[in-house]
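Going by this note's numbering, the letters in the sequence shown line up with residues 260 to 745, in that order.
There is no bait here: all hints are sound.
Each computed DSSO-like pair below joins lysine-lysine, with the alpha-carbon atoms no more than 27 Å apart:
#	residue 1	residue 2
1	Lys693	Lys336
2	Lys443	Lys378
3	Lys631	Lys604
4	Lys604	Lys643
5	Lys582	Lys643
6	Lys344	Lys644
7	Lys644	Lys582
8	Lys644	Lys585
9	Lys644	Lys604
10	Lys378	Lys507
11	Lys604	Lys344
12	Lys643	Lys344
13	Lys360	Lys507
14	Lys693	Lys300
15	Lys300	Lys705
16	Lys582	Lys344
17	Lys336	Lys443
18	Lys631	Lys585
19	Lys604	Lys336
20	Lys297	Lys705
21	Lys297	Lys693
22	Lys604	Lys507
23	Lys336	Lys448
24	Lys604	Lys620
25	Lys582	Lys631
26	Lys631	Lys643
27	Lys643	Lys585
28	Lys336	Lys378
29	Lys443	Lys693
30	Lys360	Lys344
31	Lys360	Lys378
I should point out that these hints are in silico values taken from the structure, not numbers from a laboratory.
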Amino acid sequence: MAVTKSTPSESVTVRDNRTGRTIDIPITHNSIPATAFKALKAPQDASNPVHRDEDDFAAGLRVYDPAFMNTAALSSKITYIDGEKGTLMHRGYPIEQLAEKSDFLETAYLLIYGDLPNKSQSERWRWEIMHHTFLSDDLCRLMQAHRYDAHPMAIFASTFSAMSAFAPEANPALQGQNLYINDKSAMNKQIVRILGKATTVAANAMRIRINRPFVLPRSDLTYTENMLYMMDHMNEPSSYRPDPRLAKALDVLFVLHADHEMNCSTATMTHVGSSLVDPYSAIAASACALYGPLHGGANEAVIRMLQGIGSVAAVPAFIEGVKSRKALLFGFGHRIYKNTDPRSKIIREVADTVFEIIGAKEPLIEVAIALKDAALADPWFQEKKLYPNVDYWSGLVYKALGFPLDFFPVLFAVPRVAGWIAHWKQLIDSGTNKIARPRQLYIGEKRRDYVPLESREDNGEPVDSKVGLKELPHYMSKRKLVSAKL
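Sequences are here, hints too, so could you generate the full structure?
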């Protein structure tokens, strides 16, 4: 189609072949508004079997994008990713510089407030967070009610969900829906509370897992030192403190995991936060999203994969299994990065440092290196742009540090809290917040009338025909099933 002189250059011209109508959609930041397509309305053809009332022709054309493969749900100033070049920046600062020169609390301030803090801001920020690490006795008792074998992420998420009940002054449902829109001091107070208490919740989850009493936090330690202290302190003298080198290694990992743009859990934070619920509830929802094995559980899956391979000698067979779709590959490739994950190189260096400090190399590292080398040299992997991502190395570091596999997602969640808060604050401060409400394409049954029970077709199938006696639920014995029929 020829573009006329009157057509703006920064626009896209769309022609609806059903009606012949043409519209010009403006392009801003290399994007177009999805709502523009609502102007493309076509009459419904009753004789066309493809046309259904349920397709809602009167509302205009709808954009279909399952899993948000190419849809921007919001505009942001926080994190920039160039997947082709392997670039990751927070507020304009490359992740490589932040990992080398900054620390987690400073990076958290940058993400949340937009700039690196000056000296007085930094001192106040650290003091506030490290003095908001205590949990109330009632909340600790609630945590202790979890079973010893409960997954740490379940404890983490449920504790944050309950935390909102311990701060009624922070609940918009009680204080008015515009609480955080109008009162920035209330917002800032919850920010330091959440960041301070996240490490304590995580440490307590670990103590539940190892059946040990909780350890009170210490404000004279660094953020990661305090977390390690609360997890590890037993009967050592009061002067005990974790190895600062290991605390620094963990801090670097926290910087690398602090934010990663609009991933599943961060999108959850903005989606839930758009309802103007309190931030504790939104954090709990985000933690549940992170809990999934396709997100925060990926580094745990990497370890299980490497354990399944077992030895360097088994790597070639595993590679062939992946290529023939008989084996699952974890820790390679990324939804966004198409070249390399900039965090993977940094975390590989952290891994070497940790192995040197603890005096023994993680046994699986040889398998990991062999798998990485074989994959990068294989044309099949090259064509699909499959390369080690941050999850590939972080799991090895966490395992070398002695963390159990099911604790890995918690080590992901604690630093990601900073990113979640940053996006939540940006949403509230934008002044343009609307409650998130995605549309759907309804492809189900057309309208049908209710049929009374006695008039419904009954083919005489017995109650248990689809279950089978060998597949009964564990609580259903044969005698119980027979009684249920009476």
